[in-house]
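Trainee: These are the residues of each chain, in order.
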Amino acid sequence: MPSSTSSFKTDPLGRIIPGQHWVRLSLLSLILTLVLTFCWEWYCRHLGYAPTLNDTEDLWASRRVLVAEDPSRTVLIGASRMLFDFDMDVYEKEMGERPLQLATVGTNPGPYLEDLADQPGFKGTVIVGVVPKLFFAPGGPPVKSPENHLKRYREWSPAQKMGHHLGMFLERRLAFLQQEDLTLTQLLLSLKIPDRPKAKTPPELPPYFYEVDGERQGGMTDLAEKDVKLQKRIQQIWLTLFASPKKDGDKIGDEKKKPADTILENTRGYIDKIRARGGKVVFVRFPSTGKLRELEAKTNPREKYWDRIFEFTGAPGIHFEDHPQLMGFDCPEWSHLTKKDAALFTRRLTALFKELRSAGQI
Amino acid sequence: MLFNSLTFIVFFLIVLALHYTIPSWRLQKSVLLIASYVFYAAWNPPFVLLLWISTLIDWYVARALEKEERPGRRRLLLTVSLSGNLGLLGFFKYGGFLLENFIALMDLVGIEFQAAPFDIILPVGISFYTFQTLSYTLDVYFRRARPSNSFLDFALYVTFFPQLVAGPIVRAGEFLPQCAEPKRATRDQFGWGLYFITLGLFQKVVLADGLLSSSADTVFGHGDGSVYAFDAWMGVLAFSAQIFCDFAGYSTCAIGVALCLGFVLPDNFRSPYAAIGFSDFWRRWHMTLSTWLRDYLYIALGGNRSGNVRTGINLLITMFLGGLWHGASWTFVAWGLLHGFYLVTEHFLRQHFGSAAWTQETWGRLALGFLTFFLVSLAWVFFRSSDFPSAWSLMGSLFGVYDQSSQLLSTREIIQVALVVVGLICSHWYLYEKRLEHAMEKFSAWFVVSIWVMMLCGLILMQGGANAFIYFQF
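Chains as they are written, first to last, in the working numbering: chain A, 1 to 362; chain B, 1 to 474.
Looking at chain A on its own, in the form it has when it is part of the complex:
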């Protein structure tokens, strides 16, 4: 090919096109794929799934950016109990301000607290949900997950922001777009192929049994609230997860300094930073029930974990077992409240927040 704009000689770079009518084939493939996708969507809805947002790192980042915009907002951090059991509408109605939900499932809130402590000018109130097993986790997935969320927020590119908005548009319309339950990987996991007797495979994680909205207001799905079989399955998963081998962070009574002490000292440092700017921090222990509560009491006794947080930090805390109005709630799968109970629990919790506020503690 003679070149009018380039003096570079032409190399014989060509590409063979196989002898098929490729546009016809692509259209046929597209139509068949759309039909199969429609059938899959119908089947998923038939199983009880409804369109809902995925609780992705992008969704979290979209909430985290708001802290910088309004550094005096109330921020919620913690694990899934904070995400499920705290009703933001009720809190807003009772306390007069809308909090930001930054809690994520299965996580140690330490990295989030550190991030808020390092946020220039942040002077809001941080409500920290405490699940002792996770709060004192020295590493592994409970720490890696918040680190990944923070990394996404810090490196959130324009392409990822746009992808997030497009993703939400589709997720609000299609039930099969549930990453926790209906991806190919999850479907393969559900095959339940027996493992070798000595295989050290990771524990099974609970299926998708909660949903979030655009503000990350979480809550148990209708399916999980009603399906007793699913609840029992999740209960057994909690027992395995909470009974997993002890980590170094559990050895609080030992002589030498342990990761738990380091975690507590770090927490105190973060709280001091926030307080120095006029911010407040309060800890909350949400309800758990049944055999899970018994297991938690055994593996993470209150005096060695919950009580020590206050010895170290001096921050206020509300434990559901210290207040009769917070007790008696039923967690269908032993670890989280239903949406209705979450609203009631939050209303009672905010009454206690008001007391703390009038005492100048938050």
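The hints are simulated quantities; they were obtained by calculation from the structure and are not laboratory data. Some clues are possibly wrong.
According to the in silico footprint, chain B covers these stretches of chain A (three or more CB under 8 Å from chain B) [what the hints assert, rightly or not]: (1) 20-26; (2) 29-36; (3) 194-201; (4) 211-220; (5) 275-282.
C-beta atoms are modelled at their ideal positions from N, C-alpha and C, and glycine is treated no differently.
Chain A is fixed; fit chain B onto it per the hints.
Mentor: Only chain B this time, still in chain A's reference frame:
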């Protein structure tokens, strides 16, 4: 912007719409250039400046080289281009590595040296576009080509978004002539381009990310003691397949995207896991990088023209730098040198045993093919491991040197890895002497549609969770 993202789908649809509605070829190219900058800026806007610097340096240096006759001035101009491009690459990619090694060296001689932390983000694709623009200047310097007359064409050559961030590394002689006349894909080119995009995404999203990555991550990320030999092997095989599906997937997508716009990009992979020997492997793996290293480094060093010892040294130097190109870490260097050692050994063996009859028989070729795959997979251990202790520990696990070891993989993961690896090797053997295009011609339309639908359904079922391509970090 990742090919496997919703953002890219929207971006690509807009680019296609503009490309096929704008009547002027010059305007079409301008749109492609702007789209390429948007594609890059969507990742990190300030780094577009680096693209502009690289483009301007090589544009002006090449034009000056064309006019300049004095050897000294020509060398000076070449030095400007090399130091400009390699300076940027060195600063962003190797700055921290050099500082780390300098501190270690100072420690060794007893001098305590404290340096400020070197927290620089690596601009995505910098290794790829640096090599691409360098090849242009080097070709002009060696009078193998004359510089482009059109700045627009040249800027598009440097920035063309399908291959900008992870290759294939295109030579100016392959791309610039394509800018001479309007490019519109024919009906079948467009459809075949879409098939390539689907195939590339399937390799990346379903095979690499969905079926292989967790097994590779589990085995390579096991920091606590040794791994059961069987699991170690499955982890290494998972990574062998993962890195191919990830990188070949990107290249296949890039070729498909370019084809939909009417441009042709060179192949980057051709059934590498069926290679018989390491020179064959490097003719089939990351072909545009290996030919770049061959043409601008190995041959510049003297190639095989100065005897066996010199050939061996040249191979080792080339593979050393090839390893370093992949990342600022001694583990990448070890991987490169190991491949250099493989190539030198093969060179020696070919001279002495190359004519043996058994090497031409089917069973002999099969045995050599499996030996090559085995040794290539072993080398991936250094490539994937975060440091040498981890690499040696995994090597020990592979050969069962530990008494106590952990079985890390579930039966499901083992089945997944085995199926994908066996499928991959079989497909590579099947395509050893033919291209995918030739194989596709033999298939019936219904078979092609079935495969296409299966791949699209796989992609829809994998949904979301876009992971960056492994080669973005290089």
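Trainee: Give a verdict on every hint.
Mentor: These are the hints, each one checked on the structure:
no.	hint	result
1	20-26	holds (count 7)
2	29-36	holds (count 5)
3	194-201	holds (count 7)
4	211-220	violated (count 0)
5	275-282	violated (count 0)
Violated hints, in rising order: 4, 5; the structure is consistent with all others.
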